[in-house]
Amino acid sequence: MDTVNQPPATAQPPEEPLFDARGLVELDARVPRVSEIDGDRATFDARSLTTRRINLELRWLLYEQGVRDVTVLNPGAKHSLGTGILTRCRLRFEGSLGYFALGMIDGPEVHIAGRVGWSACENMMSGVCVIEGNAGSLTGAAIRGGDLVVKGRVGARTGIDQKGGTIISLGDAGSMTGFMMQRGRQIICGDVGPGLGDSMYDGTLYVAGKVKSLGIDCVEGEWTDADTELINRKFRIYDLGSPPQFTKFVCGKKLYNYDQLEPSERKLVL
Amino acid sequence: MCGIAGIIYKNGNGAHRIGRDMTSMLQSMKHRGPDSTGYALYHAPTSELTVRINLAESTAPRDLDFADDVRRRRREVEGRLRGAGATIKEMEDVNEYTFSATVAYHGELKRLADYVESVPHTEVLSLGHALDIVKDLGDAKTVAGSYGLDAYFGSHGIGHVRMATESDVDIANAHPYWAYPFSDVAVVHNGQLTNYHQWRRRLEANGHRFASMCDSEIIAVYLADRMANGDSLEDAMHHSLEDLDGVFTYICVSEDALGMAKDELAAKPLVLYEGDDMVALASEEMAIRAVIDREIETYDPYESTVMVWTR
Chain L
103 MDTVNQPPAT AQPPEEPLFD ARGLVELDAR VPRVSEIDGD RATFDARSLT
153 TRRINLELRW LLYEQGVRDV TVLNPGAKHS LGTGILTRCR LRFEGSLGYF
203 ALGMIDGPEV HIAGRVGWSA CENMMSGVCV IEGNAGSLTG AAIRGGDLVV
253 KGRVGARTGI DQKGGTIISL GDAGSMTGFM MQRGRQIICG DVGPGLGDSM
303 YDGTLYVAGK VKSLGIDCVE GEWTDADTEL INRKFRIYDL GSPPQFTKFV
353 CGKKLYNYDQ LEPSERKLVL
Chain V
317 MCGIAGIIYK NGNGAHRIGR DMTSMLQSMK HRGPDSTGYA LYHAPTSELT
367 VRINLAESTA PRDLDFADDV RRRRREVEGR LRGAGATIKE MEDVNEYTFS
417 ATVAYHGELK RLADYVESVP HTEVLSLGHA LDIVKDLGDA KTVAGSYGLD
467 AYFGSHGIGH VRMATESDVD IANAHPYWAY PFSDVAVVHN GQLTNYHQWR
517 RRLEANGHRF ASMCDSEIIA VYLADRMANG DSLEDAMHHS LEDLDGVFTY
567 ICVSEDALGM AKDELAAKPL VLYEGDDMVA LASEEMAIRA VIDREIETYD
617 PYESTVMVWT R
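Protein chains in written order, with our numbering: chain L, 103 to 372; chain V, 317 to 627.
What the hints contain is simulated information worked out from the structure, not anything from laboratory work.
Treat the hints with care, as some may be off.
[Said to hold, decoys possible] For lysine to any residue, the following SDA-like pairs were computed, each having C-alpha atoms within a straight-line distance of at most 20 angstroms:
#	chain 1	residue 1	chain 2	residue 2
1	V	Lys346	L	Arg149
2	V	Lys346	L	Met227
3	V	Lys346	L	Lys336
4	V	Lys457	L	Met227
5	V	Lys346	L	Ser150
6	L	Lys350	L	Val371
7	V	Lys457	L	Arg124
8	V	Lys346	L	Ser182
9	L	Lys253	V	Lys346
10	L	Lys312	V	Glu580
11	V	Lys346	L	Lys350
12	V	Lys346	L	Ile318
13	V	Lys346	L	Phe121
14	V	Lys457	V	Glu580
15	L	Lys336	L	Met227
16	V	Lys346	L	Lys312
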């Protein structure tokens with residue numbers, strides 16, 4: 103056997119995935135170990151990998167190989183990539199992602215050179231995610247912390263149930279932006295659709311463009327120096343140029359029948 | 317859940333491998349609906365009409381009488397096509413229970429379709445100068461294989477992968493729906509319509525027939541009804557946003573156009589890519605990437621959006 107022309111072990115193509123009889127569920131996924139690792143940096147091509155194998159590869163690199171900086175090539179708009187990463191690291195996706203990208207992350211600094219589908223960064227706890235393209239609906243749903251920056255436009259219900267953190271969109275936003283948000287901030291540089299801040303409990307929405315209509319119990323808020331400082335700081339950190347003029351929207355607290363305390367805080371008070 | 321997809325080439329000379337493109341798009345969304353797959357494909361328009369007729373459900377038991385029943389229905393259908401005044405130019409057995417006929421006919425389409433469909437267990441799947449509707453159980457590869465769609469050349473098409481929620485898994489309840497009795501118009505839909513029964517009663521009173529119990533069929537018949545009363549396809553779509561309740565994103569096609577409409581809640585997804593020479597849209601970007609294998613700029617249309625492109 104000619105061993106000279108054998109490709110290195112890391113470059114071997116992954117085995118065919120074993121799906122269930124309907125061809126829908128991947129039964130026995132193994133870590134593909136296809137990355138090129140260089141110190142604490144790694145790169146791998148996701149073109150021929152399934153969602154599950156891409157995520158297994160990411161976890162293997164971050165949790166077992168001590169890698170802190172991963173570049174994923176050709177993600178191909180696949181769904182659920184990079185979910186549940188709970189460690190500080192840098193991730194870079196060289197292309198668009200599908201639905202449920204980077205859900206439940208806690209700590210990573212992510213850069214996506216493309217667009218994302220619905221529900222990107224759902225329930226993000228901390229970290230940073232910068233998306234170069236557009237984002238679908240439910241972007242940043244229920245996030246609790248961290249910064250989510252979308253350089254294109256976002257779909258409907260951005261930051262639904264938001265409980266913290268900051269969502270920035272340089273483009274327009276769709277209907278029901280900030281629906282039922284409870285804490286945190288959204289900075290929308292373009293226009294927003296109908297029902298802005300509908301049924302919000304708390305938090306702040308900044309909009310630079312036109313607002314098609316306000317949702318129930320969302321009212322214009324009083325601008326303070328702290329608002330100016332926040333906007334300037336975020337634009338400076340993410341190198342977004344000089345900020346436009348924003349209008350601030352907050353909860354009118356007419357529907358407001360709840361206290362603002364987290365369960366742990368309530369224990370301290372009582 | 318269901319998945320919908322559409323593709324239209326702007327230089328619509330009918331020379332694009334639209335069947336293969338749609339199969340790639342639909343197969344990549346198999347996880348959104350593995351029950352059935354359907355296509356509405358458009359070849360270069362001809363002066364004759366193409367009628368595609370289903371003579372039995374694909375799930376019908378293959379007992380001793382099956383082949384005889386299909387043969388007998390087919391003979392009756394041929395007789396009725398001639399009886400309605402159509403001249404049969406060409407006939408093709410697509411598979412054991414579907415056949416396609418090319419006919420010269422200048423009368424009212426409703427009369428022709430109704431007369432043919434009065435043969436029991438028979439359904440006119442599509443009727444038009446450019447339209448072919450193909451739908452059956454299974455994923456896109458299975459359906460495309462058994463109907464030979466890889467070799468289908470045309471200018472535009474739509475497709476659907478179905479996860480049945482409200483009606484049976486069979487051909488009658490699969491998408492796309494032909495906008496009976498309006499030639500060359502078809503619809504695929506993702507969502508649920510909550511005022512289905514109200515509209516069904518209203519449209520039945522106007523003389524329209526329904527081939528299934530699927531709520532999506534309303535959209536096709538609704539659009540046909542509005543167009544029969546003088547609306548353009550685009551106007552009819554705008555009206556549908558007001559008249560239909562529920563959550564929906566649908567794609568509809570006519571002989572020379574493809575359009576999308578999204579309800580005011582924007583509850584069902586659609587990703588859109590507009591290139592120089594083609595427009596592709598689908599429930600997921602993955603489906604578009606199945607035909608355009610490179611990074612592309614896409615976006616989600618907002619609520620209450622209607623967009624139409626022509627070939």
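Against the structure, the hints come out as follows:
1. Between Lys346 (chain V) and Arg149 (chain L) the alpha-carbon distance is near 19 angstroms, which keeps this suggested pair within the 20 angstroms criterion.
2. A distance of roughly 32 angstroms separates the Cα atoms of Lys346 (chain V) and Met227 (chain L); the hinted pair therefore is violated under the 20 angstroms criterion.
3. For the hint pairing Lys346 (chain V) with Lys336 (chain L), the CA-to-CA distance comes to about 41 angstroms; that exceeds 20 angstroms, so the pair is violated.
4. Between Lys457 (chain V) and Met227 (chain L), the direct Cα distance comes to roughly 41 angstroms. Violation of the 20 angstroms bound is thereby established for this hinted pair.
5. The straight-line distance between the Cα atoms of Lys346 (chain V) and Ser150 (chain L) is roughly 18 angstroms, inside the 20 angstroms bound, and the hint therefore holds.
6. Between the alpha carbons of Lys350 (chain L) and Val371 (chain L) the distance comes to roughly 31 angstroms, so the proposed pair goes past 20 angstroms and is violated.
7. A threshold of 20 angstroms between alpha carbons decides the hint, and for Lys457 (chain V) with Arg124 (chain L) the separation of about 13 angstroms falls inside it, so the pair holds.
8. Between the alpha carbons of Lys346 (chain V) and Ser182 (chain L) the distance comes to roughly 16 angstroms, so the proposed pair stays at or under 20 angstroms and holds.
9. Between Lys253 (chain L) and Lys346 (chain V) the alpha-carbon distance is near 31 angstroms, which puts this suggested pair outside the 20 angstroms criterion.
10. For the given pair, Lys312 (chain L) sits about 18 angstroms from Glu580 (chain V) by alpha-carbon distance, which is consistent with the 20 angstroms threshold.
11. Proximity of Lys346 (chain V) to Lys350 (chain L) is assessed by CA-CA distance (about 44 angstroms); at most 20 angstroms being required, the pair is judged violated.
12. At roughly 39 angstroms between alpha-carbon atoms, Lys346 (chain V) and Ile318 (chain L) are farther apart than 20 angstroms, so this suggested pair is violated.
13. A threshold of 20 angstroms between alpha carbons decides the hint, and for Lys346 (chain V) with Phe121 (chain L) the separation of about 13 angstroms falls inside it, so the pair holds.
14. Taking the CA atoms of Lys457 (chain V) and Glu580 (chain V), the gap is near 34 angstroms; set against the 20 angstroms cutoff, the hint is violated.
15. Taking the CA atoms of Lys336 (chain L) and Met227 (chain L), the gap is about 18 angstroms. The hint holds against a cut of 20 angstroms.
16. As the CA atoms of Lys346 (chain V) and Lys312 (chain L) are separated by approximately 39 angstroms, the hinted pair breaks the 20 angstroms bound.
Checked against the numbered hints above, the structure violates hints 2, 3, 4, 6, 9, 11, 12, 14 and 16; every other hint is satisfied.
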